[in-house]
Amino acid sequence: MEFAKHVKVRQEKFGAVVFETLREKVFVTNETGAEILSLLEEKEEPKEVTAELAKKYCVDSKLIESDVNGLISILEEKGIIKNKEQQ
Amino acid sequence: MIENELRPSLTVEQVRGTSFNDFQSPLFMAWQLNSVCNLECLHCCEEAGHSMPDELNSKEVMDFCKQIVDLKIPYVAISGGEPMLHPDFFKICEFFRRNSISLKVETNGLFIDEKVAKRFAELGFRSVQISVDGATPATFEKLRIKGNLQKVLDACNRLVKAGVNTEIVFVPTKFNIHETAQLIDLAHDMGIYGFYTGKIMRIGRAGQNWDILCPSDAEYEKFFQVLKEKEVKYAGKMKVYYYPYDVIEELKYRLEHPSTSLLVIPNGKAKLVGPLPFICGDLRQDTLLEI
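From first to last, the protein sequence lines stand for chains S and H.
Using my numbering, the letters of the first sequence correspond one by one to residues 1 to 87.
Using my numbering, the letters of the second sequence correspond one by one to residues 1 to 291.
I should point out that these hints are in silico values taken from the structure, not numbers from a laboratory.
Mixed in with the good hints there might be a few duds.
To give an idea of the chain S side of the interface with chain H (calculated C-beta under 10 angstroms), a few residues [stated by the list, open to error]:
1) Met-1
2) Lys-5
3) Arg-10
4) Gln-11
5) Glu-12
6) Lys-13
7) Phe-14
8) Thr-21
9) Leu-22
10) Glu-24
11) Val-26
12) Asn-83
Pairs of lysine to any residue, SDA-like flavour, derived with a Cα cap of 20 angstroms [what the hints assert, rightly or not]:
13) S/Lys-5 to H/Pro-258
14) S/Lys-25 to H/Asp-22
15) S/Lys-5 to H/Lys-72
16) S/Lys-25 to H/Gly-194
17) S/Lys-25 to H/Val-160
18) S/Lys-8 to H/Asp-22
19) S/Lys-82 to S/Val-9
20) H/Lys-72 to S/Phe-14
21) H/Lys-237 to S/Phe-14
22) H/Lys-228 to S/Arg-23
23) S/Lys-8 to H/Ser-58
24) S/Lys-5 to H/Lys-161
25) S/Lys-8 to H/Val-69
26) S/Lys-25 to H/Ala-30
27) S/Lys-5 to H/Glu-250
28) S/Lys-25 to H/Tyr-193
29) S/Lys-78 to H/Tyr-193
30) S/Lys-25 to H/Ser-100
31) H/Lys-237 to S/Glu-20
32) S/Lys-25 to H/Glu-250
33) S/Lys-8 to H/Ser-261
34) H/Lys-72 to S/Lys-82
35) S/Lys-13 to H/Tyr-253
36) H/Lys-91 to H/Asp-63
37) S/Lys-8 to H/Lys-237
38) S/Lys-25 to H/Tyr-253
39) S/Lys-13 to H/Val-69
Just so you know, even glycine gets a beta-carbon here, dropped at the ideal spot from N, CA and C.
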């Protein structure tokens with residue numbers, strides 16, 4: 001997974017702001033979403049993000065997998081992240 | 001519960017209505033780099049032409065760039081005057097892009113040869129926005145004094161060919177409003193990414209020439225109808241964006257919904273709303289963070 005070319009993510013006190021500067025659309029997430037976004041920037045693969053969060057919070061990865069995938073689906077729908085072949 | 005803490009049912013949502021106080025710094029910086037311009041457009045909202053006597057010097061300019069990067073402002077638009085006449089134009093652009101800031105350059109297009117278009121493409125700008133206020137030379141050059149439509153269209157073609165997201169901005173006046181549809185069609189055929197327009201603002205040189213420039217209500221009605229039709233026609237192919245409000249309506253809206261953007265003019269004074277004369281800070285006295 002990769003963020004679309006002109007997408008900028010900035011951590012904020014409430015979570016994060018995602019700015020799709022090409023279409024000039026702004027989105028916000030809470031702290032949980034911000035953490036996932038931050039990991040997505042580093043890890044690229046959803047499974048790696050899930051594993052990292054499971055390890056950090058000492059929980060079964062299945063518990064958080066749907067949340068991570070749910071957010072990723074929304075990000076894909078909004079054109080914020082894309083599979084590498086879509087870039 | 002950990003599960004609740006992690007749950008991103010937060011979803012992603014559009015920020016409309018979110019208070020600008022929630023953000024650590026502006027999301028967008030509009031920067032009028034200079035006042036000097038090689039044209040004397042009748043409808044210029046800045047009265048651009050000559051340099052202001054107190055414009056930021058090179059050191060101050062680069063210090064401001066660094067503050068923008070330090071505050072993680074994600075998106076900057078550089079305009080003028082004609083920004084490409086600024087001696088540090090490329091140095092500024094390169095600095096922003098090296099620091100991954102999304103950058104839009106607003107220019108009259110008269111300094112974009114093939115070499116420059118290639119350089120813009122390499123810099124990976126978010127977009128280059130060129131003013132094209134007419135679909136025919138007679139109309140264009142009546143408004144944009146000393147301008148040349150063919151040269152500007154050539155610049156657009158060079159940018160598109162080089163792979164630069166190229167936008168056209170069009171200001172409707174009595175002189176050119178009848179060419180709106182023709183220009184949008186031309187823009188699409190040229191491979192332009194986006195066509196931007198909105199009502200002319202009664203400020204700057206446009207204010208001085210208001211009586212000869214301002215379209216009638218009937219002309220505006222037809223104008224917006226054309227835009228609606230073209231927006232539908234080119235959906236998914238070219239962005240047709242129009243802002244339907246005038247300055248007064250914009251100001252009323254901004255009272256209720258403050259913007260998360262800031263405008264800096266060539267002498268380093270900062271404004272929240274471009275058309276108003278009020279400043280909210282001065283980069284020579286305050287840091288960007290303080291402003």
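Of all the hints given earlier, name the ones this structure violates by number, lowest first.
1, 12, 13, 17, 21, 23, 27, 34, 35 and 37
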